[in-house]
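There are 2 protein chains.
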Amino acid sequence: MKAGLVANLFALDALRTIGMQPAARVCLQSVTEEECTGNGALACLVRGYRADAVLIPEPEENMLVRANVGVIWFRLHVRGKPIHVREAGAGANAIEATFDLFHALKQLEKEWNAQRKNHRYFEQLDHPINFNLGKIEGGDWASSVPSWCTADLRAAIYPGVDPRKAAKEIEDCIARASQNHAFLAQHPPEIEYNGFFAQGYVLEEGSDAEAVLHRAHASSFGRDLMSFVTPGYLDARVFVLYDDCPCLVYGPVSKDIHAFDECVSLSSLQQVTGTIALFVAEWCGLEPLPPGH
Amino acid sequence: MKAGLVANLFALDALRTIGMQPAARVCLQSVTEEECTGNGALACLVRGYRADAVLIPEPEENMLVRANVGVIWFRLHVRGKPIHVREAGAGANAIEATFDLFHALKQLEKEWNAQRKNHRYFEQLDHPINFNLGKIEGGDWASSVPSWCTADLRAAIYPGVDPRKAAKEIEDCIARASQNHAFLAQHPPEIEYNGFFAQGYVLEEGSDAEAVLHRAHASSFGRDLMSFVTPGYLDARVFVLYDDCPCLVYGPVSKDIHAFDECVSLSSLQQVTGTIALFVAEWCGLEPLPPGH
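Chains as they are written, first to last, in UniProt numbering: chain A, 1 to 293; chain B, 1 to 293.
Any given hint might turn out to be false.
One copy or two, it doesn't matter: identical chains are merged, so the pair holds either way.
In silico DSS-like links for lysine-lysine, alpha-carbon gap of 30 Å or less [claimed, not checked]:
hint : residue 1 : residue 2
1    : Lys255    : Lys81
2    : Lys106    : Lys2
3    : Lys106    : Lys81
It should be emphasised that the hints constitute simulated quantities derived from the structure, not laboratory data.
Produce the complete structure using the sequences and hints provided.
Shown next, in the form of structure tokens:
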């Protein structure tokens, strides 16, 4: 997304270099929390920033995002029964129990993936719903059966699914798995929602903004704009869902996002910058820079 | 063990209250590292402290320990391939991989337990060998496939088994499990030995020291001394294995060792204190306190 922020700035600079500026107001926003709650974008909306169209330059392989999943983060707090390891069988290992719960959640992931045929645009994806066990911490030392473990998970949900409903299914899944577990049945795990609790969205086809982006992209790249569906979360949901404003997520080719040495293609970024400049030019119209600028 | 240290002190005090003291040298030692390496006891021996008999007042249910396991601690360092969770299947989850390795180790635990018939005194125990996953840490946040995980484990070995040989079996087990794993086959886990690397031992029957303890116990408790075999580690191995010195591990009834609210029975502790006083009296002989004491 850092690359996209730069593309936005350079697109406006590009207009300036030919002595022009947008003939309507362009508002450039950079938000926090993009990777954990989406509250930064929401804060912009709540502050009263409104637009006829929004463009978010996320790295999206030179394509337009048609739809994406929502995301729920949750932390499992699992307890165990500590005991001297010499009688380990008499205790209850909180770390092992956490893995049992994760296996139960992977079953729920499977069920949700099986439902993809009922969700427009997601029918063709192989595995749109990912439950990720992203972080774990538990136990204090090697020689006791550990009494505690916490695990941070990320679950995806389809557009149109209420996160509260999905969270309930997750809670039920954990409760069922705990019933089958001698210790957890009496000491059920706790679930903490510690970040994303966000709906997915679909960008409806046919908006004027999308038509303008198609033309701008075709001019910059010399080929048609493709759209696709992503099993990742995007802030666009805020503008699409809560302000009924078309929000175009469109950006450069990238590699290894959220991994080591994540990067974007500079040549792609350059062409995307061209698209953005052309989009602003057509969407807002252009006027000469005032004298002296 | 804190209770046992107190019992030692009070046993010598008890002799003093009747105006007597041991007629031979009694050396009272309190060591560190009893729960993670055993190096405190080893340091005493290396310093040159020698005895005709050693008594370690660990809480052992008013019984004498006949034999106990050795212990190996090790830390698994497991790597994964981080990736954006939207394409989780293309990454390699280090936390999940750690659990796969643990399951492989539990198979080895099973094999070692099956061998108990070949180990004197361990034939009758249900489950002498415990592998404990005591601590885990991995991953940085919920929305990436985690690239790292470390797990602290404790494994038991029978008396007579060289820890180096056992460690090799553990390493082979990890290596085999890694071969079946797409990512780990190319990026094998590392094993760090970060504590216990200790042999088990058997206290041979028939020593004079044991005979004296039997008599002292019978006087204090009014019943015969029983011995048993424990699947826990004990520092006695240092004196038994490296100094060929009979080391009697004998102490009070306890509850929830290494767990919440661990405690000992005070009435048991009182009787054990009596046993220790009588043991010292017979083993060392007694002489009147010098005048003025």
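query: Okay, which hints does this one fail, numbers in order?
result: 2
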